[in-house]
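**Student:** Residue numbers (this note's numbering), protein chains in the order written: chain L, 300 to 573; chain B, 5 to 275; chain G, 90 to 464.
Heads up, some of the hints might be wrong.
Quick list of in silico lysine to any residue cross-link-like pairs, SDA-like style, CA-CA up to 20 Å [said to hold, decoys possible]:
#, chain 1, residue 1, chain 2, residue 2
1, B, LYS181, L, SER304
2, B, LYS181, G, GLU107
3, G, LYS195, B, PRO178
4, B, LYS160, G, ARG174
5, B, LYS185, G, ASP147
6, G, LYS156, G, ASP119
7, L, LYS380, B, TYR13
8, B, LYS181, L, LEU306
9, B, LYS185, G, LEU181
10, B, LYS185, G, LEU193
11, B, LYS7, L, SER312
12, B, LYS160, B, LEU188
13, G, LYS156, G, GLY221
14, L, LYS305, B, MET102
15, B, LYS181, G, PRO179
16, B, LYS181, G, GLY112
17, B, LYS185, B, ASP165
18, L, LYS305, B, LEU188
19, B, LYS7, L, VAL369
20, B, LYS7, L, VAL388
21, L, LYS305, B, VAL101
22, L, LYS380, B, ALA15
23, L, LYS305, B, PRO97
24, G, LYS157, G, GLY112
25, L, LYS305, B, VAL187
26, B, LYS181, G, LYS196
27, B, LYS185, G, PRO179
28, L, LYS380, B, ARG11
29, L, LYS305, B, PRO159
30, B, LYS160, B, VAL257
31, B, LYS7, L, LEU306
32, L, LYS461, B, GLN163
33, B, LYS95, L, SER312
34, B, LYS94, G, GLU107
35, L, LYS305, B, MET164
36, B, LYS7, L, MET389
37, B, LYS7, L, SER304
To be clear, the hints were calculated from the coordinates, so they are not data collected in a lab.
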Amino acid sequence: MKTKSKLLSAPYSVWMTVFIVVPMVLVVWFAFTDTAGNFTVENILNVGQYSNVFLRSIGLGAVATVISLVMGYPLAYGIAKMAPRRQSVMVMLVMLPMWMNFLLRTYSWMTLLEDNGLINALLTSIGLPRLHMINTGGAVVLGMVYNYLPYMILPLYSVLTKIDQSVIEAAQDLGANSRHVFLRVIMPMSTPGIISGVTMVFVPAVSTFIISKMLGGGGNLLIGDLIDMQFLGSAYNPNLGSAISLVLMVIILICMGIMNQFDDSDGEEGGIMP
Amino acid sequence: MKKAGSRIYMALVFLFLYAPILVLVVFSFNDTATASRTVWDGFTLRWYQRLFEDRMLLEALRNTIVIAVVAAIVSTVLGTMAAVGINSMKKLPRRIVMNVTNLPMVNPDIVTGVSLMLLFVAAVSLFGGRSLGMGSLTAAHITFCLPYVILSVLPKLRQMDPNLYEAAQDLGSPPVKAFFKVVLPEIVPGIVTGMIMAFTLSIDDFVISYFTSGTTQTLPIYIYSMTRRRVSPEINALSTVLFTVVMALLIVVNVRGSKDKAAERKGEEHS
Amino acid sequence: MSDSIISLQDIAVSYGSEQVLKGFNLDIRDGEFVTLLGPSGCGKTTVLRTIGGFITPDTGEVFFGGKKITALPPHKRAVNTIFQRYALFPHLNVYDNIAFGMRLKKKSEKEVKETVHAMLALVNLKGYAHRGVSQLSGGQQQRVAIARALANEPKILLLDEPFGALDLKLRKDMQVELKKIQKQTGITFIFVTHDQEEALSMSDTVVVMDGGEIQQIGSPTDIYNEPKNAFVADFIGESNILDGVMVKDLEVRFAGHTYPCLDKGFGENVPVDVVIRPEDIEVTAADSAHLTGEVTAVTFKGVHYEIIVDVQGFKWMIQSTDYRAVGDRIGLVIGPDDIHVMAKSEYSGLFGDYSTFSDEMDDDINASAESVEDD
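Just chain L, with the same shape it has in the complex:
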């Protein structure tokens, strides 16, 4: 009976081999060959030329992640302390913008941040000078925070709401004031949520190419833009593109490895989903 049910996953295994494993092998293959198909490490070495782009991506992504965490934690905590019925309404309100196409969400920030956009119109109408916001690093970070904030809030909320009230009461009973309760009990217990929230914000933020294109102008090229250019853009070079992708993957794996050091639960089916 057991052996038969195991066979049920055979079609899936075949599918994932063809569409996940083989493509990954192709990326590695392309990264280590030249256009003629000979082995080379030149692509990987060439990635080094773009170190400024990598640094910018990681920097902007990290800033956006930290801002999301700082913004999202109090909100998630607030929701988790509400009455159950209101919690589900609030969670839905957090999720709602996420289900709207993110190109449109980003587009709306374009119209808000433009030099003659809505925010500047507002500023001039109350007699303040215009601000140059679009096509700056700040605009890119804003776009990232806006798009990925729900990904931070939801996993945080789902761990915070599971914390047993009696644990908090036990801490108080043992003499912890509210600051201690938060720092010594709630924070450590919500670590898995922080980790999956940080991962879920950082990974798409560091690899985006839409946000930088729409809000960052030409001067804020990110890794994603670089990859896009190698595959579908002017600089067509899938070998270099694969090499960049590979390096990006390795960077993200390293980041996640570091993150998982903080998490002691074994993450076989890690908390990717809220």
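Position chains B and G against the provided structure of chain L, taking the given hints into account.
**Tutor:** Relative to the frame of chain L, chains B and G by itself:
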């Protein structure tokens, strides 16, 4: 005092989340001649009318829905079967399969996208056939939907008392029948969640579609090209329509979900 | 054996590298209430699952009424199981749960209805037919599970620690109820538990297991009065187990004295284990007995006092209706029929005195004593 502070903070965050959407919606009704995105010139439905006359857009919408339906069905069937299989695996093979399953979820979309593009381009050059289009898009969508289906079905299988399946057999049900009579009803909520998730993810996907579509347009790809080339309140109108549809869907799903939860709670009280 | 309904012959079962049963033999007579008793991990549930058909043994055969059923899948066996957590189908109500097996057998709805109501009457749940199973209490769910299994007219009912989740009083009620049902239906019950009291009070035959092996089979009184080895003596009831020497037939030496006893056939000057049940020891004044000791702990238990007495370093447990204060010196009187002699076994020496009540506490105390020495 503290409570009021937290209320105000929440209100501000929600303002941040919803203000841009509100702006989009409001300006979709703007009767502007210059396609201005900032000056209010009176009310019109003109942009909505234009939207529904846009043939390219309707074509893209049709493609999106076809792909989403196929991807949702195929990934749900394959994923549910796989979840049942994975659930009965020993630790080591399960670890391997789950790692491959997690790969597209941890990998940046752009990497999944370009890797699939490399695959499809290589397949076309090796085996011939048509270039990238509906076929490659559908395959790509099934691929990134599958993990979500599995991760919504697996926990339901885990939660289920394994004795249920044995009890059905014990009472005279052959294994396959026992599965359909007892296991399936237990995991249906997970399957439905997985299917809805697959459907919405497929409709919403841009990055992976962008690399695997060739010249075929899906709605997100079309939106992308709209934001790139023209400045028109048509986009706002489209946003409004989509937002309304998504909101309606979410309300339906949520009502269903809270019913499930209420039933669960009821059960817990009594056990 | 001709009248055995289930016969396990030379069964071996392993999970991965862990051997759970090895060379396991067991015959169960038709109509008996048999209990498999043992600590967790002793293999009792594995025996049950082998009979139910959920485990195919690596080697050995299972016979049902003389016919080999080793490879027969569960749904084809005339055996039904009550699972530990009942395994009621949550998507079906009480009626449909009980009807489940009959409907698979394509019985008419009229017959199904009759049987369901008869079963509900049998388990005292009339009027519950259309409740959802999640609305029932633990005891009610338990009874639905029994009704569901019996509706299938099994030849054997397997019960896997069915009362584990119930509170003490409900447990006792269910024990009585279950025994009654077994008498009424005449079906063979095979019951698994780690609760010795439950086993003794319900069963016709008790099978004591440990380490995947049968330690002793017998009636509850046999098992209690004539334990075969130190494991059985310790597991069933309370016992003081001492090292002794069988001087000759009807004479045993332990705790520094030689006592007349009723056991014989061990040979002369053979080391043995001696069991003395706490309720058999008579307490007297210190100067009128061979054995004297100092009371180190007294616990009031309702019907009696549980007194721990230190006799030259060995802590005896005595159950007495007379109160003795801590620090009192008392005498212990042991008569010939209070002494039970067992041959030495692999369990000898594992169960000592009553310094502590559990092995776990024992280990912890030893460990902390060692760590103090380390410092």
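**Student:** Out of the numbered hints, which ones does the structure contradict?
**Tutor:** 2, 5, 11, 13, 16, 31 and 37
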